[in-house]
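**Q** Required output: the full structure, derived from the provided sequences and hints.
There are 2 protein chains.
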Amino acid sequence: MGAGAGQGRARIAVDAMGGDGAPDEVVAGALLAAGKGLTPILFGPAGLETGGLELVEAPDVIGMREKPSEAVRAKPDSSLVAACRAVAAGHADAVVSAGSTGAMLAAGLIHLRRLEGVARPAIAVVIPTARGPSLLLDAGANADARPEHLLQFAAMGSIFARELLAVASPEVRLLSIGEEPEKGNQLTLEAHALLANAADLGFAGNAESGDLLAGAADVVVCDGFTGNVALKLLEGTISTLLDALRLEIASTPSGRLGGLLIRPAAQRLRDRLDPDTYGGAYLLGLRGLSVIAHGNSSRAAIGNAIRLAARGVERDVVARLAASMPERRSATTV
Amino acid sequence: MGAGAGQGRARIAVDAMGGDGAPDEVVAGALLAAGKGLTPILFGPAGLETGGLELVEAPDVIGMREKPSEAVRAKPDSSLVAACRAVAAGHADAVVSAGSTGAMLAAGLIHLRRLEGVARPAIAVVIPTARGPSLLLDAGANADARPEHLLQFAAMGSIFARELLAVASPEVRLLSIGEEPEKGNQLTLEAHALLANAADLGFAGNAESGDLLAGAADVVVCDGFTGNVALKLLEGTISTLLDALRLEIASTPSGRLGGLLIRPAAQRLRDRLDPDTYGGAYLLGLRGLSVIAHGNSSRAAIGNAIRLAARGVERDVVARLAASMPERRSATTV
Numbered sequence: 000m001g002a003g004a005g006q007g008r009a010r011i012a013v014d015a016m017g018g019d020g021a022p023d024e025v026v027a028g029a030l031l032a033a034g035k036g037l038t039p040i041l042f043g044p045a046g047l048e049t050g051g052l053e054l055v056e057a058p059d060v061i062g063m064r065e066k067p068s069e070a071v072r073a074k075p076d077s078s079l080v081a082a083c084r085a086v087a088a089g090h091a092d093a094v095v096s097a098g099s100t101g102a103m104l105a106a107g108l109i110h111l112r113r114l115e116g117v118a119r120p121a122i123a124v125v126i127p128t129a130r131g132p133s134l135l136l137d138a139g140a141n142a143d144a145r146p147e148h149l150l151q152f153a154a155m156g157s158i159f160a161r162e163l164l165a166v167a168s169p170e171v172r173l174l175s176i177g178e179e180p181e182k183g184n185q186l187t188l189e190a191h192a193l194l195a196n197a198a199d200l201g202f203a204g205n206a207e208s209g210d211l212l213a214g215a216a217d218v219v220v221c222d223g224f225t226g227n228v229a230l231k232l233l234e235g236t237i238s239t240l241l242d243a244l245r246l247e248i249a250s251t252p253s254g255r256l257g258g259l260l261i262r263p264a265a266q267r268l269r270d271r272l273d274p275d276t277y278g279g280a281y282l283l284g285l286r287g288l289s290v291i292a293h294g295n296s297s298r299a300a301i302g303n304a305i306r307l308a309a310r311g312v313e314r315d316v317v318a319r320l321a322a323s324m325p326e327r328r329s330a331t332t333v
Numbered sequence: 000m001g002a003g004a005g006q007g008r009a010r011i012a013v014d015a016m017g018g019d020g021a022p023d024e025v026v027a028g029a030l031l032a033a034g035k036g037l038t039p040i041l042f043g044p045a046g047l048e049t050g051g052l053e054l055v056e057a058p059d060v061i062g063m064r065e066k067p068s069e070a071v072r073a074k075p076d077s078s079l080v081a082a083c084r085a086v087a088a089g090h091a092d093a094v095v096s097a098g099s100t101g102a103m104l105a106a107g108l109i110h111l112r113r114l115e116g117v118a119r120p121a122i123a124v125v126i127p128t129a130r131g132p133s134l135l136l137d138a139g140a141n142a143d144a145r146p147e148h149l150l151q152f153a154a155m156g157s158i159f160a161r162e163l164l165a166v167a168s169p170e171v172r173l174l175s176i177g178e179e180p181e182k183g184n185q186l187t188l189e190a191h192a193l194l195a196n197a198a199d200l201g202f203a204g205n206a207e208s209g210d211l212l213a214g215a216a217d218v219v220v221c222d223g224f225t226g227n228v229a230l231k232l233l234e235g236t237i238s239t240l241l242d243a244l245r246l247e248i249a250s251t252p253s254g255r256l257g258g259l260l261i262r263p264a265a266q267r268l269r270d271r272l273d274p275d276t277y278g279g280a281y282l283l284g285l286r287g288l289s290v291i292a293h294g295n296s297s298r299a300a301i302g303n304a305i306r307l308a309a310r311g312v313e314r315d316v317v318a319r320l321a322a323s324m325p326e327r328r329s330a331t332t333v
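For the protein sequence lines, the chains are A and B, in the order given. Position 308 of the first sequence, counted from 1, bears residue number 307 in numbering that gives the first Met the number 0, the numbering being contiguous throughout. Position 272 of the second sequence, counted from 1, bears residue number 271 in numbering that gives the first Met the number 0, the numbering being contiguous throughout.
Treat the hints with care, as some may be off.
[What the hints assert, rightly or not] Which stretches of chain B does chain A cover? Using the computed rule of at least three CB atoms under 8 Å from a CB of chain A, they are:
| # | segment |
| --- | --- |
| 1 | 136-148 |
| 2 | 159-169 |
[As the list claims (entries may be wrong)] Not everything, but these chain B residues come out facing chain A in the computed CB check (under 10 Å):
| # | residue |
| --- | --- |
| 3 | Glu207 |
| 4 | Thr236 |
| 5 | Leu240 |
| 6 | Leu244 |
| 7 | Pro263 |
Hints were generated in silico from the structure; no laboratory data involved. Nothing here was measured: the structure is a model prediction, and the numbers come from that model. For each residue, glycine too, the CB sits at the ideal point set by N, CA and C.
**A** Here it is in structure tokens:
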């Protein structure tokens, strides 16, 4: 990590041109997060109105539909890639973007590079459950994964939950289609065996997807295809269901009155389940901290993402991952 | 199939000992469904109180925790296996059980056997979406699947949607992690190419899981691991979310009043989303119609499952699948 780590002066490189609301919402979010020893550095075109925040010129922009690795190679001076390069060069301690997830992953692999002992970085997402935050990974970095990758995801997730979610002894579960060890596909059956052998992991067996929102475990691991399907299904179902309920309620006069009376309760629930509460997804396994905010992030969500990146800097998450992953590798794969 | 097909005198073999409420709820559900040319035949131990329905003696019971294929081989006289055998022998036109899904699959493979041209049977589940019923398959029969299996699932699902869900030209989509053809894992990328080449299928591209409850397509295909994760996540999220909303509402006096006023609306929504509305899951691809009801089915749900099985008999779904699958096979794999 750079000079800011552990000292409460985290410098966060922010891709000003990433996301649906860029650059206005991103700049506004950075301004919300600035202060108290947190210094956002904006990456974007010359002349961008930054409200007084530092601007590093990055004239290019990577669009959401561009092929990630090609775009990252072709546009080293894009706001997204330049922000990643700033972390690699030690000019910033972490990077935040609401731009293309694939481009962030590609830029991370090329410019931040993997930690020793990490075969594949993973996208980790915090699900706000009834029993507190639950970390789901991989949420989409690796559409195809091998059992040993899932073991590494579990190890990284466990460190993350301890350091950033303040869970003393994180319980880790493997997402599968039954709680019994023999339920699953080839990947989960083999991963289950590896996880069960890793005694220090806090592995508690399989989790079923039906328990994800209720709080299946502190850390839930799966391949990136399954995790992405699960995450989008969770978000989409919550949204569709609450919309459907609102329509049903609005269909009768007494329902409409009731709807007014329960509005505060419904809003509390929406706030609690808001994916923006935790500010986005983390790319774990790189030599630098990288946070991917939702493409449709509001300024508040961008602010949360930047604050969460800063917390990762303060807790020195990357250094802790760097220290423990090679150990784990020698303990489990030799 | 069998003598009753197409004549409105469907004989449905019902596993009286399957499910949490067996035998009482099962018998009650069979009595609800009986009549109007539908004849349930109960399979269970001698002396079972059947309310006047025909009983075929089957002294053994397969438990939910037993290893499916071992149990099916070891207990040919269990209620579940005997009911399947009755279909194979032509004594009944379809079988319904709320018992072990794995045992039903094993019994189906052994006693009903696969249709020509079908490499793997699939579990098909009807999701009640805002835009009408949507068929998801495979929901768990094949934890690991190959691209050509997904093509067969699509073909079977399309016939099912046309015959049993009354969709004239079913739209088929592939569940993946992005709408673009190049988004997915190895399995979905290859399956996408196969599906896109099958011009008569009504393939409309990838579906994202976030749209499942809103109504992504008439038929959504995936491997059984992904489908089972998706289905359980959908059901679990609906249940957890509505429970959480009820708790929030109950936490203030005005919320409680509002809760009373919206109760009818919430109940209408719950009824619409009730997985029992469509009576369970279908095992497609066997030489006999097989319906798996939820383990916790009420008598009403059992009744629905039996009626749906009867509708499958009336529409001659198995014969239609039998007629079209070998054609498809020669058209796509030669």
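**Q** Which of the stated hints cannot be reconciled with the structure, identified by number in ascending sequence?
**A** Structure breaks hint 2 only.
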